[in-house]
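Oh and the sequence shown: position 131 is 131 in my numbering, straight run, nothing missing.
Keep in mind that a hint or two might mislead.
[Said to hold, decoys possible] In the PhoX-like style, the derived pairs of lysine-lysine whose C-alpha atoms are separated by at most 25 angstroms in a straight line are:
(1) K95 x K29
(2) K61 x K88
(3) K126 x K114
(4) K23 x K126
(5) K29 x K88
(6) K149 x K95
No lab work stands behind these hints, which were simulated from the structure alone.
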Amino acid sequence: MVTGMQANESLNLAIRCIDALRKVFGGNKNILDGFRSRARDGPSSIYYSGLTYTIAYIASKASKEKISGDELMRQALMEPDVGALFEKWKNTAEKEAYELYGACLMRAIREVAKLDNANDLLTLLKVLNDPGRQILVTNKVLEFAEWLKRLAEASIPG
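With the sequences and hints as input, model every part of the structure.
Following this line, the structure appears as structure tokens:
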């Protein structure tokens with residue numbers, strides 16, 4: 001486990017994600033259950049399948065009839081306020097909550113891994129296709145995903 005400042009940034013962002021989720025979707029048990037499921041599966045998916053595959057998979061599952069997962073992940077990369085983003089998606093979020101979990105991962109890539117040279121999904125995947133960079137970013141995002149998993153399990157009944 002990474003220690004020092006990195007752990008604090010990961011935990012702080014995980015807390016922000018859970019706070020925003022509960023504030024915006026606290027009355028929607030289906031979305032809370034969906035997010036909890038995504039948070040439970042996320043770390044193992046990142047560890048065994050890799051960050052790039054996991055991101056692509058989440059974006060594909062987040063796609064909707066009128067908006068693509070690519071566009072949803074772009075919005076998440078660009079919007080630093082997770083609460084404002086969740087509020088914007090309040091009426092379109094689906095019970096599986098792929099877009100909400102994906103948004104938290106995008107913020108971790110931006111804030112925890114400090115990867116700010118990608119503003120859309122395809123550019124992000126290209127940047128992460130560099131093995132050296134992918135290892136560094138994956139380790140940081142994996143730590144965040146573990147914090148998010150623990151907080152989701154602790155704060156979302158189910």
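Hints, one by one, checked against the model:
no.	hint	in the structure
1	K95 x K29	holds (9 angstroms)
2	K61 x K88	holds (19 angstroms)
3	K126 x K114	holds (16 angstroms)
4	K23 x K126	violated (34 angstroms)
5	K29 x K88	holds (19 angstroms)
6	K149 x K95	holds (18 angstroms)
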